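Q: Residues per chain, in single letters:
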Amino acid sequence: KAGVTQTPRYLIKTRGQQVTLSCSPISGHRSVSWYQQTPGQGLQFLFEYFSETQRNKGNFPGRFSGRQFSNSRSEMNVSTLELGDSALYLCASSLGPPKSYTFGSGTRLTVV
Amino acid sequence: KNEVEQSPQNLTAQEGEFITINCSYSVGISALHWLQQHPGGGIVSLFMLSSGKKKHGRLIATINIQEKHSSLHITASHPRDSAVYICAVRSDTDKLIFGTGTRLQVFP
Numbered sequence: 001k002a003g004v005t006q007t008p009r010y011l012i013k014t015r016g017q018q019v020t021l022s023c024s025p026i027s028g029h030r031s032v033s034w035y036q037q038t039p040g041q042g043l044q045f046l047f048e049y050f051s052e053t054q055r056n057k058g059n060f061p062g063r064f065s066g067r068q069f070s071n072s073r074s075e076m077n078v079s080t081l082e083l084g085d086s087a088l089y090l091c092a093s094s095l096g097p098p099k100s101y102t103f104g105s106g107t108r109l110t111v112v
Numbered sequence: 001k002n003e004v005e006q007s008p009q010n011l012t013a014q015e016g017e018f019i020t021i022n023c024s025y026s027v028g029i030s031a032l033h034w035l036q037q038h039p040g041g042g043i044v045s046l047f048m049l050s051s052g053k054k055k056h057g058r059l060i061a062t063i064n065i066q067e068k069h070s071s072l073h074i075t076a077s078h079p080r081d082s083a084v085y086i087c088a089v090r091s092d093t094d095k096l097i098f099g100t101g102t103r104l105q106v107f108p
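So the protein sequences, as listed, match chains X and A. Going by this note's numbering, the first residue of the first sequence is number 1, and it counts up by one from there. Going by this note's numbering, the first residue of the second sequence is number 1, and it counts up by one from there.
Calculated from the structure, these hints are not laboratory results. From a predicted model like this one, the values you see are computed outputs, not experimental measurements. Warning: the hint list may mix true and false statements.
Said to hold, decoys possible - Cut-off 30 angstroms, straight-line C-alpha distance, at most; resulting in silico cross-link-like pairs (BS3-like, lysine-lysine): (1) Lys99(X) - Lys55(A); (2) Lys13(X) - Lys54(A); (3) Lys95(A) - Lys57(X); (4) Lys53(A) - Lys68(A); (5) Lys57(X) - Lys99(X); (6) Lys57(X) - Lys13(X); (7) Lys99(X) - Lys68(A); (8) Lys95(A) - Lys54(A); (9) Lys99(X) - Lys54(A); (10) Lys95(A) - Lys53(A); (11) Lys54(A) - Lys68(A); (12) Lys95(A) - Lys55(A); (13) Lys68(A) - Lys95(A); (14) Lys55(A) - Lys68(A); (15) Lys53(A) - Lys99(X); (16) Lys68(A) - Lys13(X).
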């Protein structure tokens, strides 16, 4: 059974650019959530989607957005990148909240 | 003050020792998760608890809802248990809040 797939694994972008990250959940999982992890702030919740609807959103600026498609795949977008957006971005899928999560390996974003 | 506090922040143990990691939270919750993160970033969900106690192999997780406290125990620790252990709660307002993690190193 395939796990949660995140692409790309690594990404280098320039300040001011935008980036789109992708997450393919485990087959049958309808909930996808996104997290940012930095050495200074630890793990922080970005947003959660269930059946194409955003259920919840963390305390991040509007530059961070996401969506979920009908096949449960999800994308997150960060516009006007800042140096502080450099982080490991993780997604996780579940059958639906509050079920147990399976995490992807993450996308490591570096903003230069 | 953080809404989810873990202790200790760092823990060193000899192989075979019994280990306890604590998590206290100050918000109402619907569930509490224990996660394990190895170097390189991969996160594994160990337990999801809303009451009582769960056991999986050498790992035991307990939660006391009245005291707003959870513990993760590792029996007969092994070097492969070396990782960061993270407590996370799903609050009553459906937000996911993470602790800062406990870095465990187990030496042979």
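Q: Take the hints in turn and mark each one as holding or not.
A: Structure-based check of all given hints:
{"no.": "1", "hint": "Lys99(X) - Lys55(A)", "result": "17 angstroms, holds"}
{"no.": "2", "hint": "Lys13(X) - Lys54(A)", "result": "43 angstroms, violated"}
{"no.": "3", "hint": "Lys95(A) - Lys57(X)", "result": "8 angstroms, holds"}
{"no.": "4", "hint": "Lys53(A) - Lys68(A)", "result": "14 angstroms, holds"}
{"no.": "5", "hint": "Lys57(X) - Lys99(X)", "result": "18 angstroms, holds"}
{"no.": "6", "hint": "Lys57(X) - Lys13(X)", "result": "24 angstroms, holds"}
{"no.": "7", "hint": "Lys99(X) - Lys68(A)", "result": "20 angstroms, holds"}
{"no.": "8", "hint": "Lys95(A) - Lys54(A)", "result": "23 angstroms, holds"}
{"no.": "9", "hint": "Lys99(X) - Lys54(A)", "result": "15 angstroms, holds"}
{"no.": "10", "hint": "Lys95(A) - Lys53(A)", "result": "23 angstroms, holds"}
{"no.": "11", "hint": "Lys54(A) - Lys68(A)", "result": "17 angstroms, holds"}
{"no.": "12", "hint": "Lys95(A) - Lys55(A)", "result": "26 angstroms, holds"}
{"no.": "13", "hint": "Lys68(A) - Lys95(A)", "result": "17 angstroms, holds"}
{"no.": "14", "hint": "Lys55(A) - Lys68(A)", "result": "20 angstroms, holds"}
{"no.": "15", "hint": "Lys53(A) - Lys99(X)", "result": "17 angstroms, holds"}
{"no.": "16", "hint": "Lys68(A) - Lys13(X)", "result": "42 angstroms, violated"}
Checked against the numbered hints given earlier, the structure breaks hints 2 and 16 and satisfies all the rest.
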